[in-house]
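S.K.: Taking the hints into account, I'd like the entire structure generated from these sequences.
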Amino acid sequence: MKLPSALLLFAATITLGLPVHAESPREYVQATADEVLAVLKDPNLDSDAKIAKIETIAYARFDFDTIARLVLARNWRKMTPEQQQTFIREFKKHLSVTYGKNVDSYANETIEITGDREEPRGDWTVQTKIVRGSAAEDILVDYRLRLRENQWRVIDVVVERISLVSNFRSQLQEIISHDGIDAMLAMLAEKNASGESILPEDDRGPS
Amino acid sequence: MRHGNTLLALSLGLALLGSPSPSSAQATSCAEPKSSPSADDDPFQPFNRAMFSVNDTFDDYVLEPVARGWDFVLPHPVQRGIGNFYDNLLFPIHFINNVLQGEIDPAAISLSRFAVNTTVGLGGIFDPATKLGVPIQRADFGQTLGKWGTPPGPYLVWPIWGSSNVRDTAGLLVDAYLGVTTFFVDLPILVGSTAVNALNTRSLNLEAVQGVREASLDLYVAARNAYHQQRLEAVEGVEAARAQRDEDLYFFEDDFEEEEAP
Numbered sequence: 012m013k014l015p016s017a018l019l020l021f022a023a024t025i026t027l028g029l030p031v032h033a034e035s036p037r038e039y040v041q042a043t044a045d046e047v048l049a050v051l052k053d054p055n056l057d058s059d060a061k062i063a064k065i066e067t068i069a070y071a072r073f074d075f076d077t078i079a080r081l082v083l084a085r086n087w088r089k090m091t092p093e094q095q096q097t098f099i100r101e102f103k104k105h106l107s108v109t110y111g112k113n114v115d116s117y118a119n120e121t122i123e124i125t126g127d128r129e130e131p132r133g134d135w136t137v138q139t140k141i142v143r144g145s146a147a148e149d150i151l152v153d154y155r156l157r158l159r160e161n162q163w164r165v166i167d168v169v170v171e172r173i174s175l176v177s178n179f180r181s182q183l184q185e186i187i188s189h190d191g192i193d194a195m196l197a198m199l200a201e202k203n204a205s206g207e208s209i210l211p212e213d214d215r216g217p218s
Numbered sequence: 006m007r008h009g010n011t012l013l014a015l016s017l018g019l020a021l022l023g024s025p026s027p028s029s030a031q032a033t034s035c036a037e038p039k040s041s042p043s044a045d046d047d048p049f050q051p052f053n054r055a056m057f058s059v060n061d062t063f064d065d066y067v068l069e070p071v072a073r074g075w076d077f078v079l080p081h082p083v084q085r086g087i088g089n090f091y092d093n094l095l096f097p098i099h100f101i102n103n104v105l106q107g108e109i110d111p112a113a114i115s116l117s118r119f120a121v122n123t124t125v126g127l128g129g130i131f132d133p134a135t136k137l138g139v140p141i142q143r144a145d146f147g148q149t150l151g152k153w154g155t156p157p158g159p160y161l162v163w164p165i166w167g168s169s170n171v172r173d174t175a176g177l178l179v180d181a182y183l184g185v186t187t188f189f190v191d192l193p194i195l196v197g198s199t200a201v202n203a204l205n206t207r208s209l210n211l212e213a214v215q216g217v218r219e220a221s222l223d224l225y226v227a228a229r230n231a232y233h234q235q236r237l238e239a240v241e242g243v244e245a246a247r248a249q250r251d252e253d254l255y256f257f258e259d260d261f262e263e264e265e266a267p
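As they're listed, the protein sequences go chains U and L.
Note that my numbering has the first sequence beginning at 12, numbered continuously upward.
Note that my numbering has the second sequence beginning at 6, numbered continuously upward.
In short, the hints are calculated from the structure, not lab data.
Calculated pairs, DMTMM-like style, for lysine to aspartate or glutamate (alpha carbon to alpha carbon, straight line, at most 25 angstroms):
1. Lys140(U) / Glu120(U)
2. Lys136(L) / Glu171(U)
3. Lys61(U) / Asp149(U)
4. Lys112(U) / Asp65(L)
5. Lys140(U) / Asp53(U)
6. Lys112(U) / Glu69(L)
7. Lys136(L) / Asp149(U)
8. Lys112(U) / Glu171(U)
9. Lys89(U) / Asp46(L)
10. Lys140(U) / Glu238(L)
11. Lys136(L) / Glu120(U)
12. Lys112(U) / Asp223(L)
13. Lys112(U) / Glu219(L)
14. Lys140(U) / Glu219(L)
15. Lys61(U) / Glu46(U)
16. Lys202(U) / Glu69(L)
17. Lys112(U) / Glu46(U)
18. Lys52(U) / Glu38(U)
19. Lys202(U) / Asp64(L)
20. Lys52(U) / Glu219(L)
21. Lys89(U) / Glu258(L)
So the derived label-pair ranges between C-beta atoms look like this:
22. Ala71(U) / Trp166(L): 38 to 48 angstroms
23. Phe52(L) / Glu129(U): 37 to 47 angstroms
24. Glu34(U) / Leu192(L): 54 to 64 angstroms
25. Arg73(L) / Asp76(U): 35 to 45 angstroms
26. Ala71(U) / Asn210(L): 25 to 35 angstroms
27. Ala204(U) / Glu69(L): 22 to 32 angstroms
One side of the interface only, derived from the structure: several residues of chain U facing chain L at Cβ under 10 angstroms:
28. Leu81
29. Arg85
30. Glu130
31. Glu148
32. Glu171
33. Asn178
34. Phe179
35. Arg180
36. Gln182
37. Leu183
38. Met195
In this text, all values refer to a predicted model and were calculated from it rather than measured experimentally.
We put the CB at the ideal spot given by N, CA and C, even for glycine.
M.R.: In structure tokens form, the structure reads like this:
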């Protein structure tokens, strides 16, 4: 199990007949972290420009189709294709807006990759640590990635032992079991409308 | 200790009330992944939601504004020092629970941390032990009970304290008792110092709390699920929690694949 991940990937691509992918999950997370930190540190960007850039990164680096199915669990199949598409669109917006919002509270934190490991089904977890310096405790953040269409993308984030997929799944289950799917979609849309996204519709990448 | 007894009686009463529910929940949803019934089973939800909204209101009108003031007045290193000081005071709780859990190394570490931080760390304000690579080894009696095989029981929300469950409530009372008896302090002093620590912690986490609020669709359920996940790892260990996460994450995917394949 101590094989370098690139070698494992290479072996996997041969057996599965997929094209060789250059980036390991670890490199992928490192590249994303560098990209995000570069935006946060850029003195020439104002808050809105930073938020827009971070949203763009989030849209590209998260596998929202998979995340949507994972958080809806059994409810996914109870939805019409139209409802499913609405959910993916709104949930994507919700996450990206939320992630983008904190740009102004950036206080020279750095991101350190502390390890990575293979998960079931070829998924990969990369463990990171947000180092906040002497003023605050570090925050542990694990990213679970999945290779789809020859591209690693995030399917779950575990912050200090809390899986966001599991957390959102509980919340959605509760809302749907009380108020139904349409009410849940309406609520999500309403929440998004109050914290409007910065990006115009067409810059939000493919769904 | 009159307050303590009242709370204990209350929690025992609740424990008795709550005991039939987990089994009935298990019977109806045996096909779900293991964590789902216990994670989302919530017989005291009306009470909990009421307490949660009390706490939320308290946070909005008192705790957060005061914490912002606290944060404005005190530089972060000072806040960190206060946090260290209280962590150091909790030493008997960490030490005794590690011993009770048979975690000998963490118990020994707790002891040496206390010795180092109380002396070199000037009464616990600084944390040289962590800088020497000996991080804090938190342990509590709820966790001890869990490791001894006590199930968590239903989720509970207490005023001010927040998220708990039946087992951890009993644990909290024992820990409070340990804290009081070890230093021969009065309960009001313990409660007061805990309040200062809570304020300080809130102040160190202003952005994080705000982020969670904005990201959540149902803040109560988000808090309940988060508490469940963190306690699962504290009690069952990293590996078991990881296995549980995998099971939870992939369970429904298998379902889809079976559904879509034929």
